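Peer 1: Fit chain Z to the known structure of chain S by using the hints.
Here's the letter readout for the chains.
There are 2 protein chains.
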Amino acid sequence: MLKTHAYAAHNANSNLTPFSFDRREPRANDVQIDILYCGVCHSDLHQVRNEWGSASYPIVPGHEIIGKVTAIGSAVSGFKIGETVGVGCLVDSCRTCPDCQDNLEQFCNTPTFTYNSEDKVSGGTTYGGYSSRIVVDQHFVLHISDKLDPAAAAPLLCAGITTYSPLRHWKIGKGDKVGIVGLGGLGHMGVKLAHAMGAHVVLFTTSTSKIDDAKRLGADEVVISKDAEAMQQHRLSFDFILNTVAAAHNLDSFTELLKRDGTLCLVGVPDSPHPSPSVANLIFKRRQIAGSLIGGLKETQEMLDFCAEHNIVSDIEIIPIQHINEAYERMLKSDVKYRFVIDISTLNAPNS
Amino acid sequence: MLKTHAYAAHNANSNLTPFSFDRREPRANDVQIDILYCGVCHSDLHQVRNEWGSASYPIVPGHEIIGKVTAIGSAVSGFKIGETVGVGCLVDSCRTCPDCQDNLEQFCNTPTFTYNSEDKVSGGTTYGGYSSRIVVDQHFVLHISDKLDPAAAAPLLCAGITTYSPLRHWKIGKGDKVGIVGLGGLGHMGVKLAHAMGAHVVLFTTSTSKIDDAKRLGADEVVISKDAEAMQQHRLSFDFILNTVAAAHNLDSFTELLKRDGTLCLVGVPDSPHPSPSVANLIFKRRQIAGSLIGGLKETQEMLDFCAEHNIVSDIEIIPIQHINEAYERMLKSDVKYRFVIDISTLNAPNS
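The listed protein sequences correspond, in order, to chains S and Z. Numbering follows this note's numbering, in which position 301 of the first sequence is assigned residue number 301; successive positions increment by one, without gaps. Numbering follows this note's numbering, in which position 90 of the second sequence is assigned residue number 90; successive positions increment by one, without gaps.
Calculated from the structure, these hints are not laboratory results. Computed from a predicted structure; not experimentally measured. There may be inaccurate statements among the hints.
Identical copies go unnamed one by one, so any copy, or any two together, can satisfy a pair.
Once the Cα atoms are required to be at most 20 Å apart in a straight line, the calculated EDC-like pairs of lysine to aspartate or glutamate come out as [claimed, not checked]:
#, residue 1, residue 2
1, LYS147, ASP213
2, LYS298, GLU83
3, LYS171, ASP261
4, LYS298, ASP261
For reference, chain S alone in the conformation it holds in the complex:
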């Protein structure tokens, strides 16, 4: 077994504290990875505080993992020792259902998430990337180009693919007018990716303080969503709006900005329901409200390659793992531009 150091939550109310556990020895198809960086996703906080009601403690969060391969199983063909790799939200799936067969493992009915998920291989619960190393089946390991800064690439594994996948699925490209709602960890990636895909990008935010930054990140226009008049000027003009805001809010003010056949895509689950959206808004222009969930492994690799080609990474603030609890509090206040990434070397506990 592989002794592994980590930070873990032991109940819904306490801080994350140092923790140790054993990873399995790599099996034939496994890649063993020393973790360099791990991004901090808002869902880490939801899980740690049991806000989704599915916490199985101790929880070692983290699903935006960048590391170096240190060992490979006998059947591993695609990865070499020393290579930089990534691990995202999934470490296993059934491999046989229609979703898995279609390379959309995120929709598998029996997925194994990177943390707080039943570990069908080793038993118990999976532990995530706030840890010194991880052992993952090669199907769920991603290649990370040397062109990408490894710390800033970490958030691509969740925030990146969560925004890339719907933009690709709804075939966004040159000539399209795309809205991105919210400029947080997801939203800032949405702006960068939609811009790189050639779309005319409009960022919606409630905060005037974000205008300059949104433009720097690639937004062609910024609309203050509380300004009804500014919103009205964009009526019936959007092909697609990617809504990254999970807090309950009025969706109608966005659906009515869509053209005929336009789609409002939600990627966040609100704690309390959104006000019921207007059915007339959908019917009278054949619009749609859809949802999208991260992405499959094939598409995640495609996204990482796209980011390497277009020189896209996340805007990050690197923290030592000892600052994780403070980082959670700052994340709750949206006081981060735009993603915390943990420098895992600060665990100060070399793997042996």
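Peer 2: What follows is chain Z alone, placed relative to chain S:
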């Protein structure tokens, strides 16, 4: 001017009563039609009682019109005197916007509806098909095959196209599993059309009394939507569900029956909002909730030709126009299988 006899509502609380008015003489592009039959749509009742707040009295309802051509303007090329024709929900549109250019006149921002709409040609308000004749621009007149019973074809002009258009837009065909929610005027057409397109059709109803009829109409299965266990057996199995029920209800029980990438399409605007649909239900299988509105003129003709080819008409109960107020009361109790059609000859007021 053409003296025209009709039934009209004069305020939100009174019955429809006999009424006379003048139609315009046909202009170059107009087709003059003696009306034979007019279907009774639930929206007639909404408008007459001002439940949508846009009533302009007097209202002559009716937008499921079948008649015979009695005169044509000098520029009319597609229609002959004596031909059986139809008129649906629209009698004009701007003809220049992107929606009109794409043959989707139903989404035009300045449409002229067949009744209770600003009449941009003659001034005043348009009067519908509960009347002895109508004069309509040829672009908005449909050919009706002699193969179709003219009375039973009338509801195709609204109930038919409202269900045909989304089934076609979402490319329903052989191998697809399609749900139809509600067995009323729209729903019974949805069952017939989806069946004729080759889909496996499941009818959802709250009423066990409709099971036999649904099967006779073409449903392969009938599910009582109040039976949670029966619903669960269809989880994750539908490609598309067409929801014809306008009354507010829980949409989640239908979205969770959709496969990944499946669509729940709404064609009715509820008086009070549906309970806010679960966003997680959308995200975790990339499902969509969409709306659809009647259909464009090109697609309406395609639907009529499809119905002629497949021998599809509405199940109707023919009434004399003197029974229209009683028919409204019965419609409110769903006491009709499945559409009332007015025999306009009962106006007993020949056009002169």
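Peer 1: All hints are to be evaluated individually against the structure, with a verdict given for each.
Peer 2: We went through each hint and held it up to the structure:
{"no.": "1", "hint": "LYS147 / ASP213", "in the structure": "neither (24 Å within a copy, 65 Å between copies)"}
{"no.": "2", "hint": "LYS298 / GLU83", "in the structure": "within (19 Å within a copy, 58 Å between copies)"}
{"no.": "3", "hint": "LYS171 / ASP261", "in the structure": "both (13 Å within a copy, 15 Å between copies)"}
{"no.": "4", "hint": "LYS298 / ASP261", "in the structure": "between (28 Å within a copy, 18 Å between copies)"}
Hint check: a violation occurs at hint 1 only; the rest are consistent with the structure.
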